[in-house]
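Here are the chains, one letter per residue:
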Amino acid sequence: MKIPLSWLKDYIDLDLSLEELARTLTMVGLEVEVINVIGLPLPENTGRQEFKFTGLAWNPEKFIVAQIDEVMPHPDADRLTLCRLHDGIQEWVVLTGAPNLFPYKGMGTLEQPLKVAYAREDAILYDGHKPGYELTKLKRTKIRGVESFSMVCSEKELGISDEHEGVIILDSDAPTGTPLVDYMGDAVIEVAILPNMIRDASMVGVARELSAVTGKPLKVPSRKVTSTGPKIDDLAAIEINDPNLNPRFVLGLVQGLSPKPSPYWVQRRLRLAGMRPINSIVDATNYVMLETGEPLHAFDYDVLIQRAGGKAPTIITRAVTKGENLTTLDDVERPLDQHTILVCDTAGPLSLAGIMGGLESEVTETTRNVLLEGASWNFINVRRTSSRLHLNSEAGYRFGRGVHPALASWAVDLGLERMAAWSGGTIAQGLVDNYPQPPLDPLVSISVQDVERKLGVTIPAKQIAVILTRLEFVCKVSGDVIEAQTPPHRLDIGEGVIGKADLMEEIARIYSYNNIPETNLADELPPQRNNLELANEEKIKDILAGLGLQEVITYRLTSIERETRAYLLGQTPDPENYVRLLNPIAPERSVMRQSLLASVLEVLEKNARIRERLAFFEIGSLFIQEEENNLPVEPRKLVIGMSGKRNIPIWNQKDTGNLDFYDLKGVLEELLEKLHLEAVAYQPTEHPSMHPGKTAQILVGQTPIGVLGELHPRVKQNYDFLTPAVYVAEIDLEALLPLIPLRFESQPVSVFPPVLEDIAIIVEEAVPADRVEALIRQTGGKLLADVRLFDVYRGDRIGAGKKSLAYSMTYQALDHTIESGESTALRNKIVRRLERELGAVLRDN
Amino acid sequence: MSEKPIILAELEIAQQKALALLAEIQDEEPLQAWKREYLGKSSTVMSAFSSIGQQSKEFRPLVGQVANQVKQALEAALEERARIVTEAALTRKITDERVDVTLPGRQPITGGLHPQTLVLRRIFSIFAEMGFQVYRSRDVESDEHNFELLNIPAHHPARDMWDTFHIDQPGVVLRTHTSPGQIRVMREQAPNPIRAILPGMCYRYEQISSRSEIQFNQVEVLAVGKNITFGDMKGTLNGFVRRLFNADVRTRLRPSYFPFTEPSAEMDVECFVCAGKGCSVCKGSGWLEIMGCGIVHPAVLKNGGYDPEVYSGFAAGMGPERISMLLHKIEDIRYFWGNDARFLEQF
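Protein chains in written order, with the working numbering: chain U, 15 to 859; chain Z, 507 to 853.
Derived from the structure by calculation, the hints contain no laboratory data. Glycine included, every Cβ here is placed at the ideal spot set by N, Cα and C. Check each hint, because a few of them may be wrong.
Beta-carbon label-pair distances, calculated as ranges [claimed, not checked]:
id	chain 1	residue 1	chain 2	residue 2	range
1	Z	R756	U	Q126	50 to 58 Å
2	Z	G844	U	D351	38 to 46 Å
3	Z	E593	U	V765	52 to 60 Å
4	U	E684	Z	G844	27 to 35 Å
5	Z	S548	U	D669	50 to 58 Å
6	Z	S715	U	D351	31 to 39 Å
7	U	T155	Z	V779	54 to 62 Å
8	U	P450	Z	V787	37 to 45 Å
9	Z	V787	U	V488	43 to 51 Å
10	Z	S715	U	Q126	52 to 60 Å
11	U	Q716	Z	R627	29 to 37 Å
12	U	E684	Z	R628	50 to 58 Å
Given the sequences, and given the hints that come with them, work out the whole structure.
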């Protein structure tokens with residue numbers, strides 16, 4: 015909300031600098047976003063800044079209140095005028111093109127001089143002819159043969175608003191010769207209103223907060239003039255159908271007025287506060303809304319009488335009945351639902367309660383009698399209607415967050431007063447006031463100990479009472495207990511323990527968060543627990559990063575089409591199982607993913623244009639809607655994707671070819687070994703994304719934990735890869751993590767020399783390599799410290815359908831040196847076993 | 507007395523010649539040749555030894571003695587020369603071995619962790635030392651946990667604070683914050699004291715831009731106990747921020763609003779990019795908004811199974827992406843899930 019400083023000062027005396035004021039507002043919860051100076055000096059540059067300042071300072075020597083005594087025609091130009099102007103020191107002739115001075119052209123010396131904002135030579139101001147706000151210096155020049163060196167300013171040139179249609183004509187009591195900044199220098203402080211502080215979307219609300227902090231009294235405006243018109247009682251009536259929707263409705267009447275432009279100071283305040291002045295009737299309603307926080311609505315009374323067949327109108331409030339529409343004053347026909355509240359008369363709907371008036375009964379230039387509404391509405395209904403219709407109005411903004419019904423009569427009184435003052439007319443006596451459901455305004459009890467317990471600071475009861483009293487709570491102190499009666503402008507204070515928390519916030523805010531001392535937690539520690547799942551996931555990440563893979567984190571929002579790419583035709587996940595968004599921002603982010611593989615493949619695809627070697631992994635959740643009406647399951651997965659070059663060839667490092675199945679398998683073997691998993695086995699398997707001949711299932715003991723293999727060439731075609739084959743692994747962390755042992759045993763290292771030996775055996779192609787190695791290890795027992803397959807040969811020398819496997823063996827004992835006889839015996843035993851069980855033949859060469 | 511054997515003269519000449527030649531030798535190979543020539547089988551010295559038997563008896567000891575002396579002298583000289591030659595060779599080798607140290611090194615294969623894994627670990631470890639343990643919770647949440655139990659009833663104006671993704675199942679949303687985890691932890695732990703960190707991916711219906719994402723991490727901090735105050739919240743959060751940024755960073759708490767805390771606050775740290783002077787990062791304000799926090803609302807405590815008249819607590823929520831952006835001058839939030847290797851490899 016935009017708060018003009020001059021307006022705020024109507025309700026409180028302030029002796030704070032702009033920065034102090036901004037700091038004070040921010041620290042009570044009205045965060046200052048920007049301060050726009052309108053003439054007032056900008057703060058000095060101290061090297062430290064707390065707030066953003068914008069705007070134009072008016073040099074008191076250069077910007078003066080002046081008076082135009084005569085508007086004369088320009089000898090050569092119809093669209094220009096020459097003004098005889100006095101700046102308090104001397105008379106000047108000033109050239110202008112302002113259309114709003116034309117009416118005065120050729121009238122000779124004006125009976126009532128026009129007060130204007132006058133800028134002298136060299137004044138720095140905004141260029142009115144350029145878009146946006148561009149500073150310019152007023153220079154001596156000649157326009158159509160007339161010398162010009164000073165000017166009469168528009169609002170835009172002074173930074174008050176975008177208005178550049180004409181020059182400002184000040185109110186007639188403006189003192190000629192006074193520096194302009196002293197007359198109307200101002201600053202607009204823009205604050206963010208928190209959802210629970212809608213009471214402060216008003217000048218009085220903001221002033222009240224400042225009063226609570228500074229102790230300066232709040233000057234609450236009240237109606238000054240008594241009504242001179244007829245009694246209102248017989249002129250209008252109210253019927254409230256549902257007090258829950260409409261707790262209060264108030265009407266007042268002004269007769270015999272005529273709308274005109276509001277006084278300049280009113281227009282300026284409205285503009286500074288961000289509203290457009292319309293006419294003196296509408297301006298009065300907006301002015302009072304900004305002043306009090308209570309939105310008002312003005313009906314053309316004569317239209318209502320006409321609708322009532324010449325009788326006094328009856329206002330009826332009710333919920334929409336099926337199929338009703340209303341054309342609002344912006345000339346849009348609105349379809350309505352049953353949550354909308356309507357203000358009607360006997361002839362039908364008049365306005366959307368609390369949001370926007372209807373077109374038919376709105377105030378126009380011909381309006382002479384105004385029926386003024388101040389009411390209170392159920393904020394949930396108002397909010398639902400304005401969000402459903404995407405209808406954002408100042409009234410809907412306030413009523414949609416809750417406005418206390420007590421404000422209605424006060425605001426209507428002020429509205430009548432201002433309307434009559436600015437538009438003429440007489441105020442009918444009294445108000446029609448229907449107030450069936452006053453709010454509770456809870457009485458809350460809070461103690462010094464309560465405050466101590468929650469805030470950690472001891473504030474004496476008396477001080478607590480002072481804080482609350484300044485916020486207009488009515489307080490009764492007995493000992494350490496304060497009983498506080500909620501003031502009738504707040505709907506945000508609850509009862510009992512909730513009310514206590516609400517008061518706590520008020521106390522803390524005004525006492526200032528900065529004054530609450532910083533302490534260390536002294537409370538009892540919770541029972542200790544491990545988060546093994548997280549710890550193991552983090553360990554896996556560390557191992558994989560250490561093995562040369564880069565972690566990625568991808569969107570969990572995707573589309574079925576994107577995921578389909580990761581599968582062979584017809585093998586995609588069941589579309590029924592997707593968690594689908596009701597309101598996606600875009601079709602490509604419309605479901606929660608079911609495939610982490612698809613996410614990682616997208617990363618590989620993207621980086622294929624950036625890097626020659628691709629090696630990525632991600633750990634994350636999938637989302638599978640297993641049963642309707644239940645929350646989906648969110649299993650954790652690990653996916654690894656590798657493709658491209660094994661290493662990056664540079665000047666001293668040869669190209670060692672492309673990554674293949676065994677690069678990926680090596681990563682998994684190393685990972686599982688570093689996790690101390692035993693009995694790991696790899697078996698050929700199939701997978702809906704993978705090459706049928708190059709895919710293995712990984713088993714730990716009997717438990718399948720995932721698959722690895724080459725991405726199926728047909729699946730690969732779905733992507734824009736530049737690299738050769740793509741290798742992927744998909745690990746089910748729900749299966750893997752529970753298998754990771756919390757502790758493991760290390761093995762002793764032998765001090766006795768090892769015996770090294772190579773053997774090569776020939777077996778049928780169908781014999782799996784891991785079976786050979788397992789038999790070797792089993793037979794070698796403890797003495798066989800290590801076995802390493804160092805060569806696989808297929809070829810003519812051993813015959814078709816066979817393969818030769820060459821192993822490097824290390825024999826070593828923990829307790830003695832192995833003699834050659836012992837190692838030979840062991841070797842023979844191993845070879846015999848391989849011969850017997852696998853039909854192996856020892857290869858001799 | 508017979509004439510001195512000629513061999514003695516030959517030995518002397520051989521010695522002189524050998525020593526003179528030896529002094530010239532610079533390399534290993536001529537050194538070996540010299541050794542063969544002057545100390546080999548057919549050398550004068552070795553011939554002298556084998557000739558002893560042919561000498562007259564009276565000179566035999568003398569010849570033996572002289573031959574020995576010459577042999578020892580030559581051997582000693584050889585040893586010395588060999589040392590010099592080896593030394594010189596090493597010196598030459600070292601000189602010749604100079605490499606171009608400006609050529610690029612051989613590139614090791616490296617991997618790395620995502621920047622958000624790294625920043626989350628930093629956050630966890632700082633809080634772990636204050637006794638806070640990590641809990642994780644689900645991404646797809648019930649409206650009840652995400653809103654209602656957190657004191658945000660349906661149609662409440664506070665709901666405007668979150669632009670929510672709804673699921674086609676009624677009453678299910680993508681969590682808009684990690685706060686529903688508060689309820690889950692409390693219900694699991696009540697009536698034990700709680701010090702918990704709740705990290706997780708959250709989602710909001712927004713247009714993706716350099717400053718806003720539809721998916722983002724959040725870290726929630728929750729402490730519940732019988733003796734936990736606003737002052738403790740200040741101390742804990744200030745301690746965290748000082749460790750994360752720097753020891754003497756200035757902070758401020760200013761009132762804010764969250765339906766699940768009261769009093770609520772926003773914590774700002776002095777902009778460390780401009781040291782509070784005002785810059786584009788802090789949008790000219792000199793302060794950076796770093797997290798929201800507050801005293802746990804009594805309705806939330808009650809929903810979690812704690813009696814608000816006995817227990818109190820504080821909660822805070824921060825955005826690890828924002829923290830990374832501030833720490834590493836990342837100007838586009840889309841980098842995080844963009845997974846461009848050129849970005850990721852910098853961390």
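For each hint, the structure was consulted:
1. Checking the proposed 50 to 58 Å range against R756 of chain Z and Q126 of chain U shows it holds: the Cβ atoms sit about 57 Å from each other.
2. At roughly 42 Å, the beta carbons of G844 of chain Z and D351 of chain U sit within the given window of 38 to 46 Å.
3. Against the hinted window of 52 to 60 Å, the Cβ-Cβ separation of E593 of chain Z and V765 of chain U comes to about 39 Å, which falls outside the hint.
4. Hint check: E684 of chain U to G844 of chain Z, Cβ distance near 29 Å, so the stated range 27 to 35 Å holds.
5. Separated by about 57 Å at the C-beta atoms, S548 of chain Z and D669 of chain U satisfy the suggested range of 50 to 58 Å.
6. Roughly 33 Å separates the CB atoms of S715 of chain Z and D351 of chain U, a value that falls within the hinted 31 to 39 Å.
7. Taken as a hint, the range 54 to 62 Å is violated for the pair T155 of chain U and V779 of chain Z, whose Cβ atoms sit roughly 44 Å apart.
8. Between P450 of chain U and V787 of chain Z the C-beta distance comes to about 54 Å, which lies outside the given range of 37 to 45 Å.
9. With their beta carbons about 46 Å apart, V787 of chain Z and V488 of chain U fall inside the hinted range of 43 to 51 Å.
10. Range check, S715 of chain Z to Q126 of chain U: about 55 Å between beta-carbon atoms, so the 52 to 60 Å window is met.
11. Against the hinted window of 29 to 37 Å, the Cβ-Cβ separation of Q716 of chain U and R627 of chain Z comes to about 34 Å, which satisfies the hint.
12. At about 27 Å, the beta-carbon gap between E684 of chain U and R628 of chain Z misses the expected band of 50 to 58 Å.
Violated hints for the displayed structure, listed by number in ascending order: 3, 7, 8 and 12.
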